[in-house]
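**Student:** Residues per chain are reported as follows:
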Amino acid sequence: MLELNFKKKFQTLNLTVNIKIPTNGICVLSGASGSGKSTILSCISGKIAPDSGFIGLNNKIFYDGTNRINLAPHLRNIGLVHQDSLLFPNLNVTDNLLFGAKRRENIYGFSLEEIAQILGIVSLLKRNVENLSGGERQRIALGRAILSSPELLLMDEPLAALDANTKKQILDLIVKIRDNIKIPILYVTHNQAEADFIATHQVSIIDGKIQ
Amino acid sequence: MIFTPQEISAICLSLSISFKSIMMAIVPSIGFGYLLARKNFLGKFILDALLNSSLVLPPVVIGLILLLVFGNNGPIGKYLAQLGMPLVFTANGAAFASAVMIFPLMLRIIKQAIFAINPDLEFMAKSLGAKPLDVFFSIILPNSYHGIIAAILVGFAASLGEFGAVITFAANIEGQTQTLALAIYSALQSPNGEESAIRLSLVAIIISILSLMASAALQKFGNRVRNA
Numbered sequence: 002m003l004e005l006n007f008k009k010k011f012q013t014l015n016l017t018v019n020i021k022i023p024t025n026g027i028c029v030l031s032g033a034s035g036s037g038k039s040t041i042l043s044c045i046s047g048k049i050a051p052d053s054g055f056i057g058l059n060n061k062i063f064y065d066g067t068n069r070i071n072l073a074p075h076l077r078n079i080g081l082v083h084q085d086s087l088l089f090p091n092l093n094v095t096d097n098l099l100f101g102a103k104r105r106e107n108i109y110g111f112s113l114e115e116i117a118q119i120l121g122i123v124s125l126l127k128r129n130v131e132n133l134s135g136g137e138r139q140r141i142a143l144g145r146a147i148l149s150s151p152e153l154l155l156m157d158e159p160l161a162a163l164d165a166n167t168k169k170q171i172l173d174l175i176v177k178i179r180d181n182i183k184i185p186i187l188y189v190t191h192n193q194a195e196a197d198f199i200a201t202h203q204v205s206i207i208d209g210k211i212q
Numbered sequence: 059m060i061f062t063p064q065e066i067s068a069i070c071l072s073l074s075i076s077f078k079s080i081m082m083a084i085v086p087s088i089g090f091g092y093l094l095a096r097k098n099f100l101g102k103f104i105l106d107a108l109l110n111s112s113l114v115l116p117p118v119v120i121g122l123i124l125l126l127v128f129g130n131n132g133p134i135g136k137y138l139a140q141l142g143m144p145l146v147f148t149a150n151g152a153a154f155a156s157a158v159m160i161f162p163l164m165l166r167i168i169k170q171a172i173f174a175i176n177p178d179l180e181f182m183a184k185s186l187g188a189k190p191l192d193v194f195f196s197i198i199l200p201n202s203y204h205g206i207i208a209a210i211l212v213g214f215a216a217s218l219g220e221f222g223a224v225i226t227f228a229a230n231i232e233g234q235t236q237t238l239a240l241a242i243y244s245a246l247q248s249p250n251g252e253e254s255a256i257r258l259s260l261v262a263i264i265i266s267i268l269s270l271m272a273s274a275a276l277q278k279f280g281n282r283v284r285n286a
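Residue numbers (our numbering), protein chains in the order written: chain Y, 2 to 212; chain P, 59 to 286.
It is worth saying that the hints were derived from the structure and are not from the lab. Where is the CB? At the ideal position from N, CA and C, for every residue including glycine. There are no misleading hints in this set.
One-sided excerpt, in silico: chain P residues whose CB lies under 8 Å from chain Y:
(1) Asp178
(2) Leu179
(3) Met182
(4) Ile197
(5) Pro200
Start from the sequences, fold in the hints, and give me the full structure.
**Tutor:** Encoded structure:
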């Protein structure tokens, strides 16, 4: 269970979040641009700290304002997939994919080959990350996050920069991850069709409050 | 072009002092470059100004400050002398004075190179389980190496030409602290020394141009490695 109960003022945003999200399947967090969706993900991942409140995943406390706990990002065991893919330019595809796997215990037991097969990136493994297409980059970002064995995968509008055809391919892959790999996912989007296609549950954010 | 033994000594000493000064300046340049490019803290502007002060202060003033602090009676220098590692009037002292002068040049290049790395890449590495030091060595250093190489070569070329701080702190002792720039100066002060000054100046020009060419070649090689 992902427990979010916090407040955060960020630029013009006054965010109040109080929700418990089951950690199975894909929970889609939707809302208009600038509504605070990405800020919520940033608070969960530890990129920014809430002003007050509590964030916890299963039995692990990420943030507790009362007891002044703010767990360092590298200890949260969260996987991130960002719309810019954020591949490391100094590493080739294989080293990007294994970056997290080398630093964390493999709790799901997936190998590089298995994930590369599922994501259709076997032919890319020895390539440099420069000169890859947007779709290829997102597949690798997805593979890198999965191979890091996260307890929760946060996806921040991962399809925003892709064309319609590539979007469809990646959405199919996300459904495959949901059904076969079974890593819980919190997926942020403002696209309702995307949400309806992949979600096992949905929440939306309106006027800084989760509905 | 035939060189006298004194000229060869000055050339070799210059190269050795420049190499040592790079060794002394590179780690603080990377450390402070990272600090200034990535961290926000109280007094950052003051620290930035202090670290860059040798760019704007007369080199003789820097030499004098070094003499007062690291001289054999200075607050730090007396301990170095007791340990048998005096800096003043030694080749190591010349390298140290040179390192102090080239440090801000290297710092500025490295700071810019680190600043240019997308901070989200660092956070991504952390989210994948990398500890802060791991992020520094696996993401920051490899992605700023062009800047680090450029800083080393610019620092090397600048160190070869260092004059004011070196002569003040390490003096102009032939075979010990007399670098190319000091040897050119000495040659110009002696009767019929113009030819020697011109020969040494040509060497300085050639080494500087070679350094800049090496910088360009290494950057090109770096790009090729990255695109392989």
